[in-house]
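Chemist: Take these sequences, add in the hints, and give me the full structure.
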Amino acid sequence: MTVTSSLETPESVENHEPAGGLDLQKLGMWVFLSSEVIFFTALIATFLIFQHETLSGPTREVLNIPLTGINTFILIISSLTMVLSLDAASKDRQRQMVLWLLATIVLGTIFLGVQAFEYTELWAEGLTPTVSPFGSGFYTLTGFHGTHVLIGVIMLIGLLIKALAGGFGADHHLPIELVGLYWHFVDLVWIVLFTLVYLL
Numbered sequence: 000m001t002v003t004s005s006l007e008t009p010e011s012v013e014n015h016e017p018a019g020g021l022d023l024q025k026l027g028m029w030v031f032l033s034s035e036v037i038f039f040t041a042l043i044a045t046f047l048i049f050q051h052e053t054l055s056g057p058t059r060e061v062l063n064i065p066l067t068g069i070n071t072f073i074l075i076i077s078s079l080t081m082v083l084s085l086d087a088a089s090k091d092r093q094r095q096m097v098l099w100l101l102a103t104i105v106l107g108t109i110f111l112g113v114q115a116f117e118y119t120e121l122w123a124e125g126l127t128p129t130v131s132p133f134g135s136g137f138y139t140l141t142g143f144h145g146t147h148v149l150i151g152v153i154m155l156i157g158l159l160i161k162a163l164a165g166g167f168g169a170d171h172h173l174p175i176e177l178v179g180l181y182w183h184f185v186d187l188v189w190i191v192l193f194t195l196v197y198l199l
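Heads up: the sequence shown at position 115 corresponds to 114 in numbering that gives the first Met the number 0, and the numbers run straight through without jumps.
One or more hints might be untrue.
Estimated spans, in silico, between C-beta atoms of each pair [what the hints assert, rightly or not]:
1. LEU79 - PHE143: 20 to 26 Å
2. GLY142 - ALA164: 29 to 35 Å
3. SER34 - GLY157: 19 to 25 Å
4. TRP29 - THR127: 19 to 25 Å
5. ILE109 - GLY157: 39 to 45 Å
6. TRP122 - LEU32: 18 to 24 Å
7. LEU173 - PHE49: 40 to 46 Å
8. LEU163 - ILE64: 35 to 41 Å
9. ILE109 - LEU187: 33 to 39 Å
10. GLY112 - PHE38: 22 to 28 Å
11. GLY27 - LEU199: 30 to 36 Å
12. ILE190 - GLY112: 16 to 22 Å
13. LYS25 - VAL61: 39 to 45 Å
Below are the BS3-like pairs computed for lysine-lysine, each with C-alpha atoms no more than 25 Å apart in a straight line [to be verified]:
14. LYS90 - LYS161
15. LYS25 - LYS161
16. LYS90 - LYS25
What the hints contain is simulated information worked out from the structure, not anything from laboratory work. Beta carbons are placed, not taken as given, at the ideal position from N, Cα and C, and that holds for glycine.
Modeler: Shown next as structure tokens:
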């Protein structure tokens, strides 16, 4: 006869929590984000090493710092709306959760739109990925980050669809928390990129 431990509740099984209380899904997200830190660090280091080896073409002087500053603020605000959506979910406030998720999606989309507009302007100024090490480094860093923002927006849309179907509540909001971790990481990386690429 098999005796079931009292620790093996349905909630712990669903949330993938071992007896130590460490959620395996959260651990997986932290491991993934750690690998992303290593990747971005390598890209940033390469950019910093080669950015001044520009033989021709425009460099940092063509970057629209005021516009990108506003775009940075938009992304920072989206982190706040992400926090508010998780807080609403944990308190089972369905309408607020949906609204804050939608706001995060809108802000993330605006960020991507502004970045696309910036690319077209810089391209017209002659700053292309092939014109110089600075150009290739700029588009690699910002483009790779923009791809992460796009992935985040897609995940947020998935959360919104599930939230509209009543899939989250006070006892089940881990997916929002996990996507929130990813989103905050993306925002933090952009602050670093904005400082190093646009300001220094």
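Chemist: Now tell me if each hint is right for this structure.
Modeler: Here's how the hints hold up against the structure:
Checked against the hint of 20 to 26 Å, the C-beta distance between LEU79 and PHE143 comes to roughly 24 Å, which is consistent with it. Between GLY142 and ALA164 the C-beta distance comes to about 34 Å, which sits within the given range of 29 to 35 Å. The beta-carbon spacing between SER34 and GLY157, approximately 22 Å, falls within the hinted interval of 19 to 25 Å. Taking the beta carbon of each, TRP29 and THR127 are about 37 Å apart, not inside 19 to 25 Å as hinted.
In this structure, ILE109 and GLY157 break the distance hint of 39 to 45 Å, their C-beta atoms being roughly 19 Å apart. Checked against the hint of 18 to 24 Å, the C-beta distance between TRP122 and LEU32 comes to roughly 32 Å, which is inconsistent with it. A hinted range of 40 to 46 Å for the beta carbons of LEU173 and PHE49 is consistent with their spacing of about 41 Å. For the pair LEU163 and ILE64, the supplied restraint of 35 to 41 Å holds, since their beta-carbon distance comes to about 39 Å.
Taking the beta carbon of each, ILE109 and LEU187 are about 19 Å apart, not inside 33 to 39 Å as hinted. Under the hint 22 to 28 Å, the C-beta atoms of GLY112 and PHE38, about 25 Å apart, fit the expected range. As the Cβ distance of GLY27 to LEU199 is approximately 34 Å, the hint placing it in 30 to 36 Å holds. Checked against the given bound of 16 to 22 Å, the beta carbons of ILE190 and GLY112, roughly 19 Å apart, stay inside it.
The hinted window of 39 to 45 Å between LYS25 and VAL61 holds, with their beta carbons roughly 42 Å apart. For the suggested pair LYS90 and LYS161, the alpha carbons sit about 17 Å apart, so the restraint of at most 25 Å is met. Proposed proximity of LYS25 and LYS161 is supported: the alpha carbons are some 20 Å apart, at most 25 Å. Between the alpha carbons of LYS90 and LYS25 the distance comes to roughly 20 Å, so the proposed pair stays at or under 25 Å and holds.
Violated hints, listed in ascending order, are 4, 5, 6, 9; each of the other numbered hints is respected by the structure.
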